[in-house]
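There are 2 protein chains.
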Amino acid sequence: MVNIVKENRLRPTRSGGRAARKAQRSAESQNQVVKAGMLGGTYKPLQDRDLEKIHQAALKILETVGIGDATPEVIELATDHGCILNEGRLCFPQALIEDVLANAANEYVVHSRSPTHADLHVGGYRVHYATSGEAVTIFEYDSKTYRPSTLVDLYDACRLVDKLEYIHQFGQTVIPTEISDLDEHDFNVAYALLSGTEKPFEMTFNRVQNIRPTIEMFDMVLGGPGRFAEKPFCTFGGCPIVSPLRFAKDNLDVLVETSRLGLINDIAIAPQAGATAPAPLAGTLAQVTAEGLACLAIVNFIRPGCPMSFAIWPFISDLRTGSFSGGSGEEAVIIAAAVQIGKFYNLPTTVPSCMTDSKIPDAQAGYEKGITAVLAGLAGGNRILESAGMLGSLMGCSFEALVLDNDMLGMVQRVIRGIEVTDETLSVDVIKEVALGPGHYLGHAQTLELMQSEFLYPKLADRAAPGIWEQEGSKDILERAHEVAGEILAVHYPNHLDPKIDESIRNRFPILLPRDAMKQNYRWAAP
Amino acid sequence: MVNIVKENRLRPTRSGGRAARKAQRSAESQNQVVKAGMLGGTYKPLQDRDLEKIHQAALKILETVGIGDATPEVIELATDHGCILNEGRLCFPQALIEDVLANAANEYVVHSRSPTHADLHVGGYRVHYATSGEAVTIFEYDSKTYRPSTLVDLYDACRLVDKLEYIHQFGQTVIPTEISDLDEHDFNVAYALLSGTEKPFEMTFNRVQNIRPTIEMFDMVLGGPGRFAEKPFCTFGGCPIVSPLRFAKDNLDVLVETSRLGLINDIAIAPQAGATAPAPLAGTLAQVTAEGLACLAIVNFIRPGCPMSFAIWPFISDLRTGSFSGGSGEEAVIIAAAVQIGKFYNLPTTVPSCMTDSKIPDAQAGYEKGITAVLAGLAGGNRILESAGMLGSLMGCSFEALVLDNDMLGMVQRVIRGIEVTDETLSVDVIKEVALGPGHYLGHAQTLELMQSEFLYPKLADRAAPGIWEQEGSKDILERAHEVAGEILAVHYPNHLDPKIDESIRNRFPILLPRDAMKQNYRWAAP
Numbered sequence: 001m002v003n004i005v006k007e008n009r010l011r012p013t014r015s016g017g018r019a020a021r022k023a024q025r026s027a028e029s030q031n032q033v034v035k036a037g038m039l040g041g042t043y044k045p046l047q048d049r050d051l052e053k054i055h056q057a058a059l060k061i062l063e064t065v066g067i068g069d070a071t072p073e074v075i076e077l078a079t080d081h082g083c084i085l086n087e088g089r090l091c092f093p094q095a096l097i098e099d100v101l102a103n104a105a106n107e108y109v110v111h112s113r114s115p116t117h118a119d120l121h122v123g124g125y126r127v128h129y130a131t132s133g134e135a136v137t138i139f140e141y142d143s144k145t146y147r148p149s150t151l152v153d154l155y156d157a158c159r160l161v162d163k164l165e166y167i168h169q170f171g172q173t174v175i176p177t178e179i180s181d182l183d184e185h186d187f188n189v190a191y192a193l194l195s196g197t198e199k200p201f202e203m204t205f206n207r208v209q210n211i212r213p214t215i216e217m218f219d220m221v222l223g224g225p226g227r228f229a230e231k232p233f234c235t236f237g238g239c240p241i242v243s244p245l246r247f248a249k250d251n252l253d254v255l256v257e258t259s260r261l262g263l264i265n266d267i268a269i270a271p272q273a274g275a276t277a278p279a280p281l282a283g284t285l286a287q288v289t290a291e292g293l294a295c296l297a298i299v300n301f302i303r304p305g306c307p308m309s310f311a312i313w314p315f316i317s318d319l320r321t322g323s324f325s326g327g328s329g330e331e332a333v334i335i336a337a338a339v340q341i342g343k344f345y346n347l348p349t350t351v352p353s354c355m356t357d358s359k360i361p362d363a364q365a366g367y368e369k370g371i372t373a374v375l376a377g378l379a380g381g382n383r384i385l386e387s388a389g390m391l392g393s394l395m396g397c398s399f400e401a402l403v404l405d406n407d408m409l410g411m412v413q414r415v416i417r418g419i420e421v422t423d424e425t426l427s428v429d430v431i432k433e434v435a436l437g438p439g440h441y442l443g444h445a446q447t448l449e450l451m452q453s454e455f456l457y458p459k460l461a462d463r464a465a466p467g468i469w470e471q472e473g474s475k476d477i478l479e480r481a482h483e484v485a486g487e488i489l490a491v492h493y494p495n496h497l498d499p500k501i502d503e504s505i506r507n508r509f510p511i512l513l514p515r516d517a518m519k520q521n522y523r524w525a526a527p
Numbered sequence: 001m002v003n004i005v006k007e008n009r010l011r012p013t014r015s016g017g018r019a020a021r022k023a024q025r026s027a028e029s030q031n032q033v034v035k036a037g038m039l040g041g042t043y044k045p046l047q048d049r050d051l052e053k054i055h056q057a058a059l060k061i062l063e064t065v066g067i068g069d070a071t072p073e074v075i076e077l078a079t080d081h082g083c084i085l086n087e088g089r090l091c092f093p094q095a096l097i098e099d100v101l102a103n104a105a106n107e108y109v110v111h112s113r114s115p116t117h118a119d120l121h122v123g124g125y126r127v128h129y130a131t132s133g134e135a136v137t138i139f140e141y142d143s144k145t146y147r148p149s150t151l152v153d154l155y156d157a158c159r160l161v162d163k164l165e166y167i168h169q170f171g172q173t174v175i176p177t178e179i180s181d182l183d184e185h186d187f188n189v190a191y192a193l194l195s196g197t198e199k200p201f202e203m204t205f206n207r208v209q210n211i212r213p214t215i216e217m218f219d220m221v222l223g224g225p226g227r228f229a230e231k232p233f234c235t236f237g238g239c240p241i242v243s244p245l246r247f248a249k250d251n252l253d254v255l256v257e258t259s260r261l262g263l264i265n266d267i268a269i270a271p272q273a274g275a276t277a278p279a280p281l282a283g284t285l286a287q288v289t290a291e292g293l294a295c296l297a298i299v300n301f302i303r304p305g306c307p308m309s310f311a312i313w314p315f316i317s318d319l320r321t322g323s324f325s326g327g328s329g330e331e332a333v334i335i336a337a338a339v340q341i342g343k344f345y346n347l348p349t350t351v352p353s354c355m356t357d358s359k360i361p362d363a364q365a366g367y368e369k370g371i372t373a374v375l376a377g378l379a380g381g382n383r384i385l386e387s388a389g390m391l392g393s394l395m396g397c398s399f400e401a402l403v404l405d406n407d408m409l410g411m412v413q414r415v416i417r418g419i420e421v422t423d424e425t426l427s428v429d430v431i432k433e434v435a436l437g438p439g440h441y442l443g444h445a446q447t448l449e450l451m452q453s454e455f456l457y458p459k460l461a462d463r464a465a466p467g468i469w470e471q472e473g474s475k476d477i478l479e480r481a482h483e484v485a486g487e488i489l490a491v492h493y494p495n496h497l498d499p500k501i502d503e504s505i506r507n508r509f510p511i512l513l514p515r516d517a518m519k520q521n522y523r524w525a526a527p
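Sequences listed follow chains A and B, in order. For the record, in the first sequence the residue sitting at position 122 is 122 according to this note's numbering, with numbers rising by one throughout. For the record, in the second sequence the residue sitting at position 171 is 171 according to this note's numbering, with numbers rising by one throughout.
Honestly, I wouldn't trust all of these hints.
One copy or two, it doesn't matter: identical chains are merged, so the pair holds either way.
As the list claims (entries may be wrong) - Straight-line Cα separation of at most 27 Å, DSSO-like style, residue types lysine-lysine; simulated pairs:
#1 LYS231 / LYS459
#2 LYS231 / LYS60
#3 LYS53 / LYS432
#4 LYS432 / LYS60
#5 LYS432 / LYS249
#6 LYS163 / LYS432
#7 LYS249 / LYS163
#8 LYS144 / LYS475
#9 LYS60 / LYS500
For the record, the hints were derived by calculation from the structure and aren't laboratory data. Every value quoted in this text rests on a predicted model; they were computed, and no experiment measured them.
With these hints in hand, go ahead and build the complete structure from the sequences.
Structural data, given as structure tokens:
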């Protein structure tokens, strides 16, 4: 039987005094327990010989099958660089791919606009978590239903994430479904993110011609032309591949333009095993690796060394229906394998996690997210997207889930930090002192010193005794997350834009976000 | 934006005909996707040099600090084998421990009493999941409160687990708190498990003198004296250590007796970092390794090669209160490290997982269980205990959680299975055929062939579209688990004991489980 120690000598006293100040200081110093960019690489589902086989299969696919539907511009560019057009498909000789790999960017930096938030040094085994998803619905807590998402939802999700410490980048969680004009859509997404957070962010464009004006918007915020290129805080999404092995025209145009501009290409290539990729997970990995290498080649043909995430996102089908299932064990293991392939090439990696199939933040959502998030991180995924807020196989987003998943990502990041083994941490002398002396470590100086640096204390996760939990209303974590999301959204309006610059942006672009939505009491009542 | 394939060509038709028969056959053949004893070992939080340092620290602790409170019997035995008594503490010279390690059992088998269930071949990197916990309360779904657990609860939990395919062994989930007589307690636990399942099981004893009569009970069921020793289906729990570094008298007596009898010693050594072990996780590992090696030495002094799980269970304290926290990131990583230490010694390992701090099967319970369960398995833990049903840091058990966690363990086991990379699974020819042909894999022969062997389909986890989920009442997985638990408990009475043998057992032992509790409608209404 487990001996659960009941002693509670370290519980802070009621209020005031030294203990309270210490508790306060402790809470502030909790940030040091985990941080952006900790190292993964301890989980390796594939063996070295597996990686070599997948690489060889991808090379063979690129050389003999190639990629269909390239635009005339890309065909010209690629054949100039040594590709071969075979019955309309662009085929990549093996030696050409190996040249591309030798010269591709191995890392890049996404900057934050404030020292409060970390810059993302993307590469190696450094791990960061980010939102993304571009869902079309928002989960309504009270009615447990989904409704179409709006621009204000996107802005609110962004300023909520601004306060969530274990999410290192805001990627576009929802689409403003009420905006049908594609130009308005692009500029308003950019504006909502700019004004919602100073963390690094990610967005996608519907129209390639909107990229340059948006960078002008970013430059206005940074203080002048060319500033964004010096310290880019935004990465540029898109899905340039339609699996199996074809280009998607509009997104390919975006990829060409962002590469010309030297921006960070933050693509996603997401074939589904059994539907748009082979049913065997290994076959899906071979195909998606080929698709990823083709994009990498195009980017590097345009601008050698241009940053691009090797963003192979193998998805899983539920073959009973053919539909995408994001929360399966197959998804968890194949994503970790995708990270390994990226590291095999020493490329910066982006993968998804936390794509639960559940429609509500319940135990299913918890374990599907927890398992996929921790394995993507332990594999060493550099930027792990979709990692908070998403529900229903990416169909919806939830403010409650954003808050709840952030707490979970704290736990995940504590796992990734691992265990430091040194003569000091092994504590042989402390063990001798305590075993021969008081018989417990609770009051030992080493324990007090490490209390705030070795252990991470969750904010939402409940650790109370059953009796106390019952007295407090037998709440589950979803109820608590709803309360906390409301508290943050009612008061946290970062308002990161200089009013004059804001005015200039609103004069120049068709900004639709109401000024009132950027003030308290618009739709969240202060507590 | 993610292209979610809507095609559903493989959905079985309404009823009857070839498709329905195929779906039926498919459901039956799902067992082949995962199985007991799949190989872990792909997650390694510690490096080789860390393992060597922990080993050296443990040896130093055993030699210089030793273990206190040994019984006179154990002191005599141990000093005869070369231990040194130093100020009342039993110290273990380094060379002695190395001898013990060289001769200890590297594996053992726990048998099932039916070909329906797998035998557990414990050792190497083979992974199995089991319940356990010995909680004192049961979660009441309707009132969301906890009440004291009873003998009928234990029997019901056991026959529920008998139907849950991803749980390979039943360990004693709850204590019959209404039984105060320690002999009645021991015999009734044994009887409840014997009659509740033919899976391998685990139990602990309050009184050492009850072990031999209980084995006679087991022999009666198997058909005669000595039969249990030939095919043991029960492992024998206990906590012979009170951390830091002391023996626990009663449990040490049990360990001595089970070793004399050559039974499977299924102990648990659970010091808490910061309370009964050092705050640094590495220090806790050094201490618990020393404690585990001391037990291994005693077992092997008594009977060289007697099976014993190297069951180091480092626990985490929440140092704000000093109480045990089972659901933290620290717990997840230190348990995986404990498995690595066991594998460093090539010993069979037992570790806990799924010890959530939540009091209800919510998202917190989900991610805390999911993360700890998958990492213990990927590390290669041989028998992973506490893995289903437990809530509130092991204070309570829940029928709903048993059902729900079983579904999660299916996902976890699919992760552990990993990805098979062969020329065939890489599918280069299939990719070529599909890319140049139909453009999707849904109808391909390879997809149809692998539909039931590559992918695991959950039973409780929901994958429906949001609209369908709303139409069906916006249920969470806890509600579905409650329904399924009730359905199984209402009808699944395995009744595995021959009536005559049952009568003999009841004549000989003070059996308290009402015969009515072993029939339908006792407290679960058939649907």
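Verification of the hints:
1. Taking the shortest alpha-carbon separations for LYS231 and LYS459, neither the intra-copy value of 33 Å nor the inter-copy value of 49 Å comes in at or below 27 Å.
2. Taking the shortest alpha-carbon separations for LYS231 and LYS60, neither the intra-copy value of 39 Å nor the inter-copy value of 53 Å comes in at or below 27 Å.
3. Proximity of LYS53 to LYS432 under the C-alpha cut-off of 27 Å is restricted to the inter-copy arrangement: shortest distance 17 Å between copies versus 52 Å within a copy.
4. Proximity of LYS432 to LYS60 under the C-alpha cut-off of 27 Å is restricted to the inter-copy arrangement: shortest distance 10 Å between copies versus 61 Å within a copy.
5. Proximity of LYS432 and LYS249 under a CA criterion of 27 Å is satisfied inter-copy only: 22 Å between copies versus 69 Å inside one chain copy.
6. Taking identical chains as interchangeable, the C-alpha atoms of LYS163 and LYS432 are never at most 27 Å apart, the minima being 44 Å within one chain and 48 Å between chains.
7. For a Cα distance limit of 27 Å, the shortest separation of LYS249 from LYS163 qualifies neither inside one copy, at 37 Å, nor across copies, at 52 Å.
8. In this assembly of identical chains, LYS144 and LYS475 lie within 27 Å of each other by CA distance both inside one copy and across copies; the values are 17 Å within and 9 Å between.
9. Within a single copy, LYS60 and LYS500 get their C-alpha atoms no closer than 56 Å, and across copies no closer than 68 Å, so neither meets the 27 Å cut-off.
Checked against the numbered hints above, the structure violates hints 1, 2, 6, 7 and 9; every other hint is satisfied.
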